[in-house]
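Novice: Please work from the sequences and hints to get the whole structure.
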Amino acid sequence: MSEQSIQTPTAEVEDLLVAEDVTVTFPLRRGRRKLKVNALRGVTIGLRRGETLGLVGESGSGKSTFARALLHLVDSEGRIVLDGVETGELSRRQFRELRSKVQMVFQDPYSSLDPSMRVGDSIAEPLIEHTSLNRVDREARVAELLGKVGLPASAADRYPDEFSGGQRQRIAIARAIAVAPDLLVCDEAVSALDVSTQNQILGLLRDLREDSGLSYVFISHDLAVVRHISDRVVVMYLGQVVEEGPTERVYESFAHPYTRSLLAAVPIPDPVLQRGRDRGAAPGDLPDPTDPPTGCAFHARCAYAMPICAEVDPEPTPVDGGGSVRCHLQTTGPELGGRSLLGITPVRTLQAETAVPPVA
Amino acid sequence: MTAGPVLEVRDASLVFTQDRNELRLIDHVSFEVAPGETLGLVGESGSGKSMTALSIMGFVGRKRSQRLEGSIRFRGQELVGLPESQYRKLRGNDIAMVFQEPMTSLDPSFTIGFQIAEGIRLHQGLSRKDALKRVVEVLDLVRIPQAHRRVNSYPHEFSGGMRQRVLIAMALANDPELIIADEPTTALDVSIQAQILDLLGSLQRDLGLAMLFITHNMGVVADICDRVAVMYAGEVVEQGGVHEVFGSPRMPYTERLLASMPRLDRRGELEWIPGAPPAVDDRPVGCRFQPRCAHAVQACGEPQALRIVAPDRLARCWRSEELELGESA
Numbered sequence: 001m002s003e004q005s006i007q008t009p010t011a012e013v014e015d016l017l018v019a020e021d022v023t024v025t026f027p028l029r030r031g032r033r034k035l036k037v038n039a040l041r042g043v044t045i046g047l048r049r050g051e052t053l054g055l056v057g058e059s060g061s062g063k064s065t066f067a068r069a070l071l072h073l074v075d076s077e078g079r080i081v082l083d084g085v086e087t088g089e090l091s092r093r094q095f096r097e098l099r100s101k102v103q104m105v106f107q108d109p110y111s112s113l114d115p116s117m118r119v120g121d122s123i124a125e126p127l128i129e130h131t132s133l134n135r136v137d138r139e140a141r142v143a144e145l146l147g148k149v150g151l152p153a154s155a156a157d158r159y160p161d162e163f164s165g166g167q168r169q170r171i172a173i174a175r176a177i178a179v180a181p182d183l184l185v186c187d188e189a190v191s192a193l194d195v196s197t198q199n200q201i202l203g204l205l206r207d208l209r210e211d212s213g214l215s216y217v218f219i220s221h222d223l224a225v226v227r228h229i230s231d232r233v234v235v236m237y238l239g240q241v242v243e244e245g246p247t248e249r250v251y252e253s254f255a256h257p258y259t260r261s262l263l264a265a266v267p268i269p270d271p272v273l274q275r276g277r278d279r280g281a282a283p284g285d286l287p288d289p290t291d292p293p294t295g296c297a298f299h300a301r302c303a304y305a306m307p308i309c310a311e312v313d314p315e316p317t318p319v320d321g322g323g324s325v326r327c328h329l330q331t332t333g334p335e336l337g338g339r340s341l342l343g344i345t346p347v348r349t350l351q352a353e354t355a356v357p358p359v360a
Numbered sequence: 361m362t363a364g365p366v367l368e369v370r371d372a373s374l375v376f377t378q379d380r381n382e383l384r385l386i387d388h389v390s391f392e393v394a395p396g397e398t399l400g401l402v403g404e405s406g407s408g409k410s411m412t413a414l415s416i417m418g419f420v421g422r423k424r425s426q427r428l429e430g431s432i433r434f435r436g437q438e439l440v441g442l443p444e445s446q447y448r449k450l451r452g453n454d455i456a457m458v459f460q461e462p463m464t465s466l467d468p469s470f471t472i473g474f475q476i477a478e479g480i481r482l483h484q485g486l487s488r489k490d491a492l493k494r495v496v497e498v499l500d501l502v503r504i505p506q507a508h509r510r511v512n513s514y515p516h517e518f519s520g521g522m523r524q525r526v527l528i529a530m531a532l533a534n535d536p537e538l539i540i541a542d543e544p545t546t547a548l549d550v551s552i553q554a555q556i557l558d559l560l561g562s563l564q565r566d567l568g569l570a571m572l573f574i575t576h577n578m579g580v581v582a583d584i585c586d587r588v589a590v591m592y593a594g595e596v597v598e599q600g601g602v603h604e605v606f607g608s609p610r611m612p613y614t615e616r617l618l619a620s621m622p623r624l625d626r627r628g629e630l631e632w633i634p635g636a637p638p639a640v641d642d643r644p645v646g647c648r649f650q651p652r653c654a655h656a657v658q659a660c661g662e663p664q665a666l667r668i669v670a671p672d673r674l675a676r677c678w679r680s681e682e683l684e685l686g687e688s689a
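Chains as they are written, first to last, in our numbering: chain A, 1 to 360; chain B, 361 to 689.
Hints listed in this document are in silico derivations from the structure and should not be mistaken for laboratory results. Any given hint might turn out to be false.
Said to hold, decoys possible - When the alpha-carbon atoms are kept at most 20 Å apart in a straight line, the in silico SDA-like pairs for lysine to any residue are as follows: (1) B/Lys493 <-> B/Thr464; (2) A/Lys148 <-> A/Gly203; (3) A/Lys34 <-> A/Pro293; (4) A/Lys148 <-> B/Pro634; (5) A/Lys148 <-> B/Trp632; (6) A/Lys148 <-> B/Gly635; (7) A/Lys101 <-> A/Arg68; (8) A/Lys101 <-> A/Ser132; (9) A/Lys34 <-> B/Glu517; (10) A/Lys36 <-> A/Gly78; (11) B/Lys423 <-> B/Arg435; (12) A/Lys101 <-> A/Gly46; (13) A/Lys36 <-> A/Gly46; (14) B/Lys449 <-> B/Leu482; (15) A/Lys36 <-> B/Glu517; (16) B/Lys493 <-> B/Leu482; (17) A/Lys148 <-> A/Leu204; (18) A/Lys34 <-> B/Lys493.
Unchecked claim - A few chain B residues that don't get close to chain A, going by computed Cβ distances all over 12 Å: (19) Thr377; (20) Gly396; (21) Leu414; (22) Arg427; (23) Arg451; (24) Asp454; (25) Arg481; (26) Lys493; (27) Cys585; (28) Trp632; (29) Pro637; (30) Gly661.
Ideal Cβ placement from N, Cα and C applies to all residues, glycine included.
Specialist: This is the structure:
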């Protein structure tokens, strides 16, 4: 916990972010019982400078908790190294200084923008906190930021409710990039928008990345969007990373049965293709996070499950084409040896009828 | 098979009066749903698709400040102007609705068995015991495991996907002829969405239901709908079979909307339509899409009719035949 440790380089130069074995546990009371929810279980993720990392998974997968752990909004165990600095060892004041390097954009800009504050003041707020700009310079900077996100400078004098959802999200982005962060964490940032507006905002994020070398952690439940904007993808399930790798490798030759079922569940806007697809969506629901299954967390819903899957939690194994997967198929069973799942028929056919009873 | 559509909407307009201004939330909307058919009603937020559903259900347009014009016929019976007492006999009985938010549509303080039985007893006049028997039947139908035990559970004891199944069971309880599903899978995770779509698809086939499926998700339309009506700024702008509309859209808005859909099966540049849909009190004269349309010419400023542009194809675009709109697929 000494201050000197801040200077120690702990990551490779090109890594903007390294998360190692990050674990987050929440206490939970259910009636009289005190339980623990393991929201994140040993998550290891790396992000190179200028890269966009897509973080996908369903509700309860831990993807938002990971974002909050990055920003120290929840207590976590494990290591988080940001731009060479081990953030876990920083004092609160030191972390606040570092906080300008990481900014966040949320799903609902209404909750992150104060409705009673003029837009210009909202955008200027982080400038007051993190810079020594005077009032005149701040106003000039606000006008510049509004221009960057495609809004007129006159927007500064108006209030959030005078703008559409897409415009409000542009304001939230202007505020987030005000202090020139290295990393922008977007948590379902475009999920509430209509598709055309969504794509306009995604185009803006792409332009910002090209102009200022921003990196993104892009959290989304929309697997189609993530494919279009991410360099690498991380698939999470019940607090764990079950598969990760270069985007095209994960989408074209997925190695985890959960990734397969997740991709199969997304409908394609083409009736001919969609109706001819193999739709092996996983049956049942997410297991109770206070009582996670033994072995692999996905085994009860997995079409490929073997006896070992109920007993031993698989370790990450490298995959051909990049990345890694946590699945026993890679070491026992068909012995894929890090290859993709394609070409193996599921052991049992999945039907919604076999759905396991939900969490009671 | 009875002749004629189950639902026939003709020039339906929902008009809100506000300080002498008239806002047409839906404007001369027309479509039909045939027996056993699923019609997708798609569009962006504010396009009027949910307002269309609420108009059919008689939840809006029944006050001085909001009136419903035109005709909405259910099995030939006119619903516009139908007294509330008669509407109550239809709702939840012949016409049932499934909403987006399974939690807000269920009362947390009653068991799901009680809540489903309530509607059955109201409409069918069954005894408590017989109603409960029917509850177990419909819970089985929506594939809730151990239905006979789950009738005594409360909504919070179910997952989001199971609650949506309960709502579908509730909708089916009185053997409706028409189900109106308003974004029934939008709040759900994709794997649960896939389960619910499978369920709705097979129920619809097995029971011969007619379904009006409201969604903004074109993937869901491609999956489950037979025909599709596209709404923009309060109007239906295109209508036809799902294969035909997706394969060769006849209205520039539909074509752009489909081109904007990020595809799971391939990576590419994301496209979008410049600008945003007009506000309800600021709609352009003539074609409402014209300010955003790459094909717009002066004559698009004239009022546009929804007209037949090919067999079983309707489009609200006078240039439909001459434009070569790109294949979306």
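Novice: All the hints need checking, so say for each whether the structure fits it.
Specialist: Status of each hint after checking the structure:
1. B/Lys493 <-> B/Thr464: The given pair, whose Cα atoms are some 25 Å apart, is violated under the 20 Å limit.
2. A/Lys148 <-> A/Gly203: holds, 12 Å
3. A/Lys34 <-> A/Pro293: Holds, at roughly 19 Å.
4. A/Lys148 <-> B/Pro634: Within the cut-off at roughly 17 Å; holds.
5. A/Lys148 <-> B/Trp632: holds, 19 Å
6. A/Lys148 <-> B/Gly635: Holds, at roughly 17 Å.
7. A/Lys101 <-> A/Arg68: holds, 15 Å
8. A/Lys101 <-> A/Ser132: The given pair, whose Cα atoms are some 16 Å apart, holds under the 20 Å limit.
9. A/Lys34 <-> B/Glu517: holds, 18 Å
10. A/Lys36 <-> A/Gly78: Answer holds: A/Lys36 to A/Gly78 is near 18 Å, not above 20 Å.
11. B/Lys423 <-> B/Arg435: Answer violated: B/Lys423 to B/Arg435 is near 25 Å, above 20 Å.
12. A/Lys101 <-> A/Gly46: It holds: about 16 Å lies between the C-alpha atoms, which stays within 20 Å.
13. A/Lys36 <-> A/Gly46: Status violated; Cα separation ~27 Å.
14. B/Lys449 <-> B/Leu482: holds, 9 Å
15. A/Lys36 <-> B/Glu517: holds, 19 Å
16. B/Lys493 <-> B/Leu482: holds, 15 Å
17. A/Lys148 <-> A/Leu204: holds, 9 Å
18. A/Lys34 <-> B/Lys493: violated, 38 Å
19. Thr377: The assertion about B/Thr377 holds, with a minimum of 24 Å to chain A.
20. Gly396: The claim holds: B/Gly396 sits with its nearest Cβ about 17 Å from chain A, beyond 12 Å.
21. Leu414: holds, 20 Å
22. Arg427: holds, 28 Å
23. Arg451: holds, 29 Å
24. Asp454: holds, 27 Å
25. Arg481: Non-interface label stands for B/Arg481: nearest chain A Cβ at 27 Å, farther than 12 Å.
26. Lys493: Non-interface label stands for B/Lys493: nearest chain A Cβ at 22 Å, farther than 12 Å.
27. Cys585: The assertion about B/Cys585 is violated, with a minimum of 8 Å to chain A.
28. Trp632: Given that some Cβ of chain A is not farther than 12 Å from that of B/Trp632, nearest at about 4 Å, it is violated.
29. Pro637: Answer for B/Pro637: violated, closest chain A Cβ roughly 8 Å.
30. Gly661: holds, 23 Å
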